[in-house]
Amino acid sequence: MKKKSISYAKWGYIFLIPFFVVYCIFALVPLVQTFYYSFIEYYVDTGTVSIFNPDGNIVDNGFCGFANFKEAVTGKGHFFSCLGNTVILWLIGFIPQIFFSLLLAVWFTDIRLKLKAQGFFKTVIYLPNIVMASALGLLFYSLFINNGPLDSVLGGLTDKPSLMDTIWGARGIAGFINFMMWYGNTTILLMAAIMGIDTSLYESAQIDGATPTQTFWKITIPLIKPILAFVLITSMIGGLQMFDVPTFIAGDAGYPQGKMQTLVMVIQTGKDSSVGLVGAISVMIFIITAILGFLTLKVMNDDGSGKKKKKKPAKG
Amino acid sequence: MPRSADVVGESTGQTSLLIRRIVAYVVLVALVIISLLPFWLLIVNATRGKVQTGLEFWFGGSLGGNFKVLFSDNNQTRYGSILASFGNSFLISGLSCALSVYFSALTAYAIHVYDFKLKKVAYTFILLVMMVPSQASAIGFYRFMIKLGLTDSLIPLIVPAIAAPSTFFFMKQYMDSSLPLEIVEAARIDGCGEFRTFNSIVLPILKPAFAVQGIFTFVSSWNNYFMPRLILSTKRTIPLVLQSMKSDIQGNPQAAHAGAMNLYMVLAILPVIVVYLILSKYIIRGIALGAVKG
Amino acid sequence: MAQLKKVLAGSFAVMMAATMMAGCGSSDSSSSTADANNAGNGDSAAPAASNENELKDLAGADSTKVVNIYCWNDEFKSRFEKYYWPKRDTALWDGVKYHFEIIDNKDNAYQIKLDEALKTQANDAMKIDIFLVEADYALKYVATDATADVKGVIGLTDDDLKEQYKYTKDVMTDAKGVLKGVSWQATPGLFLYNAEYAKDVLGFDEPEKVQAELSDWTKFEAVAEKMKAKDIFMVSGFDDTYRCFSNNVSAPWVKDDKITIDPQIKAWVDQTKKWTDNGWNNKTSLWDDNWKAGQKIDGKVFGYFFSTWGIPFTLLPNTLATSKEDGGKEEVGNGGYGKWRACAGPQAYFWGGTWISGCATLDNKDIVKDIMLKMTCDTDIMADITKGEQDYTNNKAAIKKLIDGGYKNDFLGGQNHLALLTEAADKIDLTNKLSAYDQGCNEKFQGAMKDYFMGNGSYDDAVAKFKDEVTKLYSNLSM
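Residue numbers (the numbering used here), protein chains in the order written: chain A, 42 to 357; chain B, 389 to 682; chain C, 10 to 488.
This list has only true hints and no planted wrong ones.
Simulated crosslink set (DSS-like; lysine-lysine; CA at most 25 Å straight-line):
1. B:K535 <-> C:K136
2. A:K51 <-> B:K507
3. C:K115 <-> B:K623
4. B:K456 <-> C:K338
5. C:K282 <-> C:K228
6. C:K275 <-> C:K115
7. A:K339 <-> B:K507
8. C:K267 <-> A:K111
9. C:K374 <-> C:K178
10. C:K267 <-> A:K117
11. C:K239 <-> C:K228
12. C:K476 <-> A:K111
Derived contacts from chain B toward chain A, CB cut-off under 10 Å, selection only:
13. G442
14. V501
15. P627
I should point out that these hints are in silico values taken from the structure, not numbers from a laboratory. All figures in this text were calculated on a predicted structure; none of them were measured in a lab. We treat Cβ as the ideally placed atom computed from N, Cα and C, and that holds for glycine.
Model the full assembly from the supplied sequences, consistent with the hints where possible.
Have a look at this one:
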């Protein structure tokens with residue numbers, strides 16, 4: 042028997058091989074290289090090309106300390122400005138998203154309200170999430186373009202610039218698409234959390250004459266706090282990667298005034314020439330994500346212990 | 389005394405409940421309209437002509453013409469073969485989906501069933517890297533693929549699906565709840581090899597998990613714009629064709645054809661929507677499952 | 010719940026079916042022809058036979074049996090199929106097919122993707138035979154080993170090339186004097202104006218008289234003021250006059266890896282800002298819907314700066330009342346056909362230009378030679394292209410033959426604009442005006458300035474934005 046279990050252990054390793062080999066080649070090596078690029082002066086002169094000396098236009102001046110990071114933050118990388126744009130775009134989508142999601146989740150789970158056709162509603166509100174973001178971006182772009190279908194309804198034939206030519210108009214459109222895509226998803230997550238709450242809590246609250254508003258603030262919110270935090274942070278991580286929608290709405294340079302340029306768009310525009318700079322920006326994205334990820338794990342750990350703590354007094 | 393108070397409370401409660409119900413339905417219907425209107429406009433615009441001004445809410449008569457334009461030789465010269473873009477997207481998404489669920493299950497199985505020295509390390513490692521967004525290592529990935537000569541190839545868009553930490557995590561969760569080790573042991577007693585046990589006994593049990601994760605992987609791969617844009621040059625996936633169509637709206641208005649463009653978008657999202665509507669029950673359950681346990 | 014979902018799925022299906030019906034029912038009236046997208050537009054009757062020789066998918070093909078061509082739109086392809094194909098050397102083409110790889114030009118995408126392909130050419134089984142380059146980045150490819158020597162390797166002679174404009178050859182000649190590409194077109198620029206508005210506002214529409222009113226920018230602005238009084242915009246948008254300035258710069262965008270904004274470019278900014286604030290333009294961007302709409306005969310825009318290709322490629326299709334796909338004909342009476350005129354405008358300039366280069370690793374040399382000879386040196390074919398496509402072809406003899414033959418352009422109301430173009434073409438000199446980085450510089454500069462013109466931020470803000478974007482694109486440059 043002992044012998045056999047050792048031979049089983051071998052299978053554990055064997056079954057892990059595909060994952061780790063592929064992960065190393067397609068994720069780990071690139072990640073290490075990204076860190077490496079961020080510390081070297083490395084760029085490509087795309088003003089020239091050669092068949093017989095393909096790497097001839099690559100300039101690699103070796104280690105350069107934090108020069109790339111400095112350039113990314115204070116120079117042409119505009120790290121904080123792009124981070125700000127990303128956060129603003131995310132907030133425009135996230136605030137209505139969390140508002141409506143909470144509202145819907147509470148309604149759907151309200152035992153007294155007994156909403157009908159829940160399956161239908163859930164199916165519809167989640168629908169935009171599975172649709173190609175780039176198609177949604179292009180659709181809205183073609184609707185709002187100067188003199189386009191929607192712009193002409195909004196008075197685009199007049200002298201007024203199209204909504205998409207104004208900073209907050211463009212941001213609003215992109216934020217709206219994000220809202221539309223994600224509120225269904227959040228609703229379903231929050232519903233699952235609310236349904237995890239002991240129903241006896243609601244019943245006793247009802248007997249005590251609590252209003253729905255009171256139950257919401259005194260019972261629901263405290264008990265789904267961990268999930269709320271989870272939703273918030275994962276949505277932040279997702280928001281940090283925002284690319285498709287703003288690119289289709291505002292182009293690579295984030296027109297107008299670069300106020301639509303997100304961090305990932307800088308990666309895409311600089312990838313062919315400013316390799317070191319893009320490396321530095323990527324590393325900073327990585328660090329922010331790591332911090333957020335760490336927070337998620339912490340929140341999820343608190344979740345377990347928190348629930349136990351709260352359940353005990355409720356039962357007692 | 390308490391009884392009368394109760395009665396009063398109940399009747400006000402009933403009316404307020406009614407009001408709340410009405411408000412809820414109004415808001416829900418409004419949200420349904422918001423969620424569906426863009427798709428309605430998309431479908432309507434797919435039946436309208438080359439230049440579209442003004443909003444219309446009912447079909448135009450150009451669908452047939454738009455089909456012809458979309459699949460015309462000139463259009464395909466501009467955007468590459470339309471069928472090939474679907475083919476590429478389908479190939480990438482289909483293979484990614486298959487590889488991802490199969491190998492994630494295999495990886496999860498290794499962690500779930502076997503005991504070995506590095507098990508804890510491997511498990512922790514996968515959980516840690518789950519958070520790393522692919523965009524953060526994109527520049528290294530791109531440069532590395534150039535070095536390997538894999539740009540303009542579908543391989544970098546398919547093979548990485550083998551190592552999908554979040555799919556792995558879902559599979560592991562699923563196994564924890566629905567794959568008792570006794571089944572594996574029983575198979576061993578029957579003299580079944582380890583690999584065969586996995587393929588013929590474990591995989592069928594995982595079917596529901598395969599369905600949910602398969603759909604998610606397929607959809608996210610189908611909709612992906614960032615990675616193909618990074619890697620491909622002459623080959624095109626659907627989002628890349630959309631990008632070309634978009635740049636023609638401004639860069640080459642003679643070629644830009646709003647009707648054909650909208651039709652193409654409808655065709656691009658239709659398969660996903662149909663599959664979603666058929667399987668929405670499982671999908672929605674899947675989202676909740678992944679999150680609450682995660 | 011499950012039922013509702015079925016209903017929803019069903020309604021989607023019904024919706025699609027309904028759209029199909031709606032489409033089929035009236036598909037006759039709207040049978041947009043495939044040619045709607047043809048850039049050449051006038052040349053929709055490409056011989057059907059040629060399609061059999063086009064290879065759409067390169068997979069598994071033998072490189073020596075495929076002429077592989079990289080370009081960014083179908084302009085060359087349509088000319089290739091219509092003018093070259095019937096006159097090709099059939100012996101050379103025996104069993105050989107051609108393949109076009111068309112990649113977007115915007116945001117340097119064409120350059121980036123072409124470069125990626127070129128870098129692996131030495132090892133690739135499928136060789137590129139021809140790639141096309143544009144004036145904005147021609148120098149980049151001239152200076153590299155990627156382009157084949159037109160005379161030494163491909164085998165054209167000075168005698169073959171003698172009728173071509175010297176500047177088209179100068180651009181493509183590298184530091185050692187080696188010619189790296191040839192073009193079928195010269196691209197002098199003109200000012201095309203709406204004759205009805207000219208008559209209405211100025212009282213006359215004869216090109217000579219109008220030219221006298223527009224011969225410098227001060228006069229041009231005076232006319233703009235008069236146009237404004239009648240609610241007509243002098244030009245459509247911001248970028249219309251750009252090439253008048255950008256192609257008369259005193260130094261190229263980039264020299265020794267340093268970017269400078271030439272005084273001429275700054276002059277464009279100042280002028281456009283002034284015009285925008287004065288309401289002399291319609292605040293459009295090049296190619297957008299409003300810009301196009303101004304080209305209708307009642308489009309409220311007086312004129313457009315266009316190079317030779319602008320007429321067939323843009324103005325003509327846009328000015329027709331009934332578009333060709335709706336069954337409209339290119340004839341007088343259909344919208345603005347015959348109601349536009351051309352004059353030299355306030356400043357001589359050129360715009361664009363496309364060159365054919367052989368790839369250094371090409372494996373169909375003789376066919377490439379045949380294409381280059383017939384597409385850029387053959388006087389008869391050149392004359393046909395000018396007649397059929399309104400291109401100003403790069404062949405002095407052909408143009409002279411047409412002018413001598415009493416050339417009249419119906420679209421321009423019978424005007425002979427070739428004479429004007431000849432005059433403009435003779436003045437083109439690109440020495441010290443181009444750099445390898447021009448496409449990025451031009452695109453990023455125009456993009457950044459749009460903010461300034463629209464009132465979003467100051468000129469300095471826009472320049473700062475330009476600097477950041479362009480140095481991200483070209484990391485080796487500084488400003």
